[in-house]
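*Asks:* In this note's numbering, the protein residues as written are 1 to 99.
There may be inaccurate statements among the hints.
Here are the in silico distance ranges between beta carbons for each label pair [stated by the list, open to error]:
id : residue 1 : residue 2 : range
1  : T13       : Q59       : 22 to 32 Å
2  : E40       : H60       : 18 to 28 Å
3  : Q59       : V19       : 34 to 44 Å
4  : E54       : A20       : 26 to 36 Å
5  : Y73       : S21       : 21 to 31 Å
6  : G57       : T13       : 41 to 51 Å
7  : D17       : H60       : 28 to 38 Å
8  : T13       : E54       : 39 to 49 Å
9  : R32       : F55       : 18 to 28 Å
10 : T22       : T62       : 20 to 30 Å
11 : K24       : S67       : 32 to 42 Å
For the record, the hints were derived by calculation from the structure and aren't laboratory data.
Fair warning: this is a prediction, and the values are worked out from it, not measured in the lab.
Don't be surprised by glycine CBs; every beta carbon is placed ideally from N, CA and C.
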Amino acid sequence: MERRLNDLAVVGTEIKDLVASTLKKVANIDRRYENGDIEERRLIVSSMFPDFLEFDGTQHRTPRLNSAIALIYQNNSKLQGKKNGTSLSFLDLSQEVTL
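Given these sequences and hints, build the entire structure.
*Replies:* The following block contains the structure:
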């Protein structure tokens with residue numbers, strides 16, 4: 001029993017290290033893509049789009065996003081808030097200046 005607990009502690013540490021390493025890579029994914037060679041860029045794109053990415057010369061599509069990327073996208077959408085259909089245009093504002 002004690003051995004199993006020790007094994008679990010080691011696995012837990014390995015998972016923590018793996019998660020920390022992965023989060024560091026994801027946090028710098030834009031720089032890694034910009035500075036990476038073609039293989040690095042392919043690796044990044046294929047990790048985001050696990051099935052495939054179709055490109056017909058003008059448009060692209062994919063049947064499925066990586067689940068982690070989909071969650072990030074969903075959370076970013078929620079953070080932006082609901083749009084109420086109104087937009088601010090400076091043309092709509094009064095041009096009168098009061099002194």
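*Asks:* Evaluate each hint against the coordinates.
*Replies:* The hints, checked one at a time:
Taking 22 to 32 Å as the suggested C-beta distance range, the pair T13 and Q59 does not conform, at roughly 46 Å. The hinted window of 18 to 28 Å between E40 and H60 holds, with their beta carbons roughly 20 Å apart. Checking the proposed 34 to 44 Å range against Q59 and V19 shows it holds: the Cβ atoms sit about 36 Å from each other. For the pair E54 and A20, the supplied restraint of 26 to 36 Å holds, since their beta-carbon distance comes to about 34 Å.
Checking the proposed 21 to 31 Å range against Y73 and S21 shows it holds: the Cβ atoms sit about 22 Å from each other. Checked against the hint of 41 to 51 Å, the C-beta distance between G57 and T13 comes to roughly 49 Å, which is consistent with it. Checking the proposed 28 to 38 Å range against D17 and H60 shows it holds: the Cβ atoms sit about 35 Å from each other. Between T13 and E54 the Cβ separation comes to about 41 Å, which falls inside the hinted range of 39 to 49 Å.
For R32 and F55, the hinted distance range of 18 to 28 Å is satisfied, since their beta carbons lie about 21 Å from each other. Between T22 and T62 the C-beta distance comes to about 22 Å, which sits within the given range of 20 to 30 Å. K24 and S67 have their C-beta atoms about 20 Å apart, which leaves the hinted 32 to 42 Å range violated.
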